[in-house]
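A.B. asks: Here is what each chain is made of, one letter per residue.
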Amino acid sequence: MIRLGQRNVLRGVSLSLAPGERLAVVGPNGAGKTTLLRALAGLIRPRSGRVSLRGGRGPDEPASRAGLGFLGHRAPLYPHLSARENLAFAARLHGISDAAARIESALRTVGLARDANRLMRDYSRGMQQRLGLALALLPEPDVVLLDEPDASLDAAGVDDLPTMLDALAPRAAVLFSTHDERVARALGARIVRLQAGRLMDDPRAASAAHSSTIRLPPPPRPPGFARAVWAMIAKDARIEWRAREQVPTLLMFTLLAAVVFDMAFIAALGSEVAAVAVGVLWISVLLAATLAGTRLFATEYERGTLDGLLVAPVDPSGIYLAKFALLALETAFVGVAQLVFLSLLLNVSLFQASTIGAVLLASAAISAILALQSSLVVNARAREMLMPLLAIPPAVPVLLAGVGITLGALEVTPAGQQGAWFGLLAVVTVVFLTLGTVLYPQAARA
Amino acid sequence: MRQARTTELPRPRRPAAFREPANAALYAALLLSMGLALFMAFVFAPAERVQAEVYRILFVHVPSAWLAFAAFGVVAIGSVMYLIHGKSRWDRLAHASAEIGVLFTTLCLVTGSIWGRSVWGVWWQWDPRLTTTLIMWFIYVSYLALRSYIDDPNTGRRMSSVLGIVGVVSVPIVWFSVEWWRSLHPTPSITNPGGGMPPEMLTALLVSVAAFTVFYVVLVRQRMQLELAVAELGSLRERLHERNEDSA
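Top to bottom, those sequences are chains A and B.
FYI, the working numbering numbers position 251 of the first sequence as 251, with every residue one higher than the one before it.
FYI, the working numbering numbers position 183 of the second sequence as 183, with every residue one higher than the one before it.
Any given hint could be a false lead.
Said to hold, decoys possible - On the chain B side, residues computed to face chain A include the following (Cβ under 8 Å):
1) Ile150
2) Asp151
3) Val162
4) Leu163
5) Ile165
6) Val169
7) Arg243
8) Glu245
As the list claims (entries may be wrong) - Quick list of the computed label-pair ranges, beta carbon to beta carbon:
9) Glu272(A) - Gly86(B): 52 to 62 Å
10) Ile84(B) - Val430(A): 40 to 50 Å
11) Thr434(A) - Gln222(B): 29 to 39 Å
12) Asp151(B) - Ala234(A): 30 to 40 Å
13) Gln222(B) - Arg121(A): 47 to 57 Å
14) Phe42(B) - Ile356(A): 52 to 62 Å
To be verified - Far from chain B by the CB rule (all over 10 Å, computed), these chain A residues:
15) Ala237
16) Glu245
17) Ala382
18) Gln418
Hints were generated in silico from the structure; no laboratory data involved.
Just so we're clear, the structure is a prediction, and the values are computed from it rather than from any experiment.
Idealized CB from N, CA, C, for every residue including glycine.
Isolated chain B, as found in the complex:
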């Protein structure tokens, strides 16, 4: 502590993870909603007539897909705002959301593949929904790659913001793919009132979407705080360096 005072460096903000009330509330909400979602998915929702138990993977698959879309939408919003206002906070949001979006897209592809193996008998089909999702995954992986390959942070932020805006074009294509082309993939069941899903299943699905949304918010906040800590560490190092230069 004494050393910190003599170098006149600001005290770093304390790691926020569990201490801030907002975070504590979020974690509580996450625990509760995830618990409820698990109960709904495995106990409350009845088995399906044809698929029996395997359909339950839907309670992970659908929320992942939804949140992938939402996450990439947030990437585009963060990118536009960063280019307009130049505040690195918006870029941190876009970056965090892209990472989590890729995570959820991966989850969506993997769970879809497992389901496909049991229902269609194959791990992969060259179906419009599957193919477009895979391309969307590639686009956001390339977004993350571009970020990590540009050394100057300001340039990296600008370039990836542009890509974050271009990439969002893929989201509506994935969304509408089941309607534009003949597809093996089941059509939307939540937004489509005649989807034919029993009310218990629909309730369970909505609860797991809500739980996953809380999960997404928690992850994005964590990732943004981590990024902020990294940036602060960098600027503290730089100030220390400058101070040493000045005194030399």
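Okay, chain A solo, but in the shape it has when bound:
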């Protein structure tokens, strides 16, 4: 049974599929087709009942997702990556060994070989859907879940669907939803009807009884955890390089903060320039990290690409760690830039080894906190308003430690306490990284 909100969306749905079998779930809007597919892909937790892949473990275990291909309502594609790059990223997430050859063959099969180097944002909806199919079928899955694969395809695309499936997933058990029974018949699929969350005809009678005699190939080996995390960081870095969504705006924000805060405080404090510089440095680091942190998971969520990461055979804590690393890099960049700006604008010697060390470690600490909070607000209304409220209170120790270290470096306070402040930063980083690694997988699936 699956509930969304107060509503039981699915009740008593029981399906089983053998390798090579195709099953179409047909039903009107709101029948629960999408919910069913998302539950099978492990993106929604059922309240009762269970989903088992390969007759064993459920989709919430990374290893069992190794043989899973999923295409939801929106293909999980990054607009600033080309078709080939999107496939290459998926190949790295799924630990595909002969990636280059398989990507080329997938591109040819879905008819996108000539457009492979174009960025996704230039693709039409139909082309995106074709690429989404290639993406879902790239790992040669033995279980394929497709939510309305014919959606936004032109007539030729719909005609090509059987060829694509035959070529890319010949032995797979395919379960897909559609409004159109003709599509189901063209794909040679058995049809079940879903209405108001219930199956109209029980498919167990018609199910392939000989399924136990079919031998399954061993599932592909999931990629190493560190390799997958690195792939996600590299992907975000490449997107940032192309889209320039964060770094230039953060840099301008930092400079603006330096100028505005300096003007506000200098008049009041006059001689205490060093204290002003330290305050401005840490406030702007915290605010910049909050700004960047709000978008950390939100962009993936809005583009539908978070689903792509979650169905990959990687422990979700890897997603948290990759996002943490990205935010830490951005925050450190802002902090170091601010050290330069403030040294120039206020004529103080902030650019020192200990202050740079403080900025780097504090960036790690703040990012460990914010990366988790960012994943919590992803489904919330008004997340831009909520994020500072969630992020800033637990970041206060980082602020205090940063201020403590930099005041010591500028000899406003005795330098002896810097060790303790560095210790505090290290403790905060370790505690929140641990909490994030353990708790993010809990927050990742609704």
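Position chain B against the provided structure of chain A, taking the given hints into account.
C.D. replies: Positioned in the frame of chain A, the structure of chain B alone reads:
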């Protein structure tokens, strides 16, 4: 009644407030203990040598602080149990306890501020205990905000459970702040045997802590029952809706 039978909807559980024996016993205990605590605080405990009468705010301030800690501990326990077992009962406990915890933290900050005005001469000091308490208050206000900003109840429960676990990190920091940093705030007097508090005051303080604990239990139960009623109303509405759909 006839209509309820024909729609075959279950009769909602009756509002439990004063009817269940456990609740009646709790309310009796609350009345008695609060009465006793008031007597102890205002009559039994002697006036303080230096602060005279104003110190008596301690009999509200200390129990509030204690229960804020306890409440946030309960939030963490409820959150962990919810994530493990997925039973919404645990989430209701965490939610109720967080609300009451914020209430007690507010009470603690306000009474502390009033006391500070008369003893230190200022409403607020940037003292470790005060500052960390204020941050803890913010953390749990943000917990309540997160809950109310997520529309899907299941998602909301999961996300706030995570935050409920993260937030509890603040509790030991507030607790140990007076020992870790130099603080103006008086050090613990109950757990510290050499605290120097006269036995009458200590007894009165323990009684008010007990009374406030009963108060906390009553409030949490009430809040959980209210939440349950809201959930039941929602599912009754949904079943009515489904029934209408089926018959249509």
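A.B. asks: Evaluate each hint against the coordinates.
C.D. replies: So, going through the hints one by one against the coordinates:
1. Ile150: holds (5 Å)
2. Asp151: holds (7 Å)
3. Val162: Holds - the Cβ of Val162(B) comes within 8 Å of chain A, reaching about 5 Å at its closest.
4. Leu163: holds (6 Å)
5. Ile165: Hint on Ile165(B): holds, closest Cβ of chain A at ~6 Å, below 8 Å.
6. Val169: With a closest approach of 7 Å, the Val169(B) hint holds.
7. Arg243: This hint is violated: Arg243(B) lies away from chain A, its Cβ roughly 11 Å from the closest one there, beyond 8 Å.
8. Glu245: holds (6 Å)
9. Glu272(A) - Gly86(B): 52 to 62 Å: Holds: the Cβ-Cβ distance is about 55 Å, inside 52 to 62 Å.
10. Ile84(B) - Val430(A): 40 to 50 Å: Given a distance of about 24 Å, which is not inside 40 to 50 Å, the answer is violated.
11. Thr434(A) - Gln222(B): 29 to 39 Å: The hinted range 29 to 39 Å holds for Thr434(A) and Gln222(B), with Cβ atoms some 36 Å apart.
12. Asp151(B) - Ala234(A): 30 to 40 Å: holds (34 Å)
13. Gln222(B) - Arg121(A): 47 to 57 Å: Check passed, 54 Å falls within 47 to 57 Å.
14. Phe42(B) - Ile356(A): 52 to 62 Å: Because 59 Å falls inside the window, the suggested range holds.
15. Ala237: holds (27 Å)
16. Glu245: Given a closest Cβ separation of 24 Å, the condition holds.
17. Ala382: violated (6 Å)
18. Gln418: holds (16 Å)
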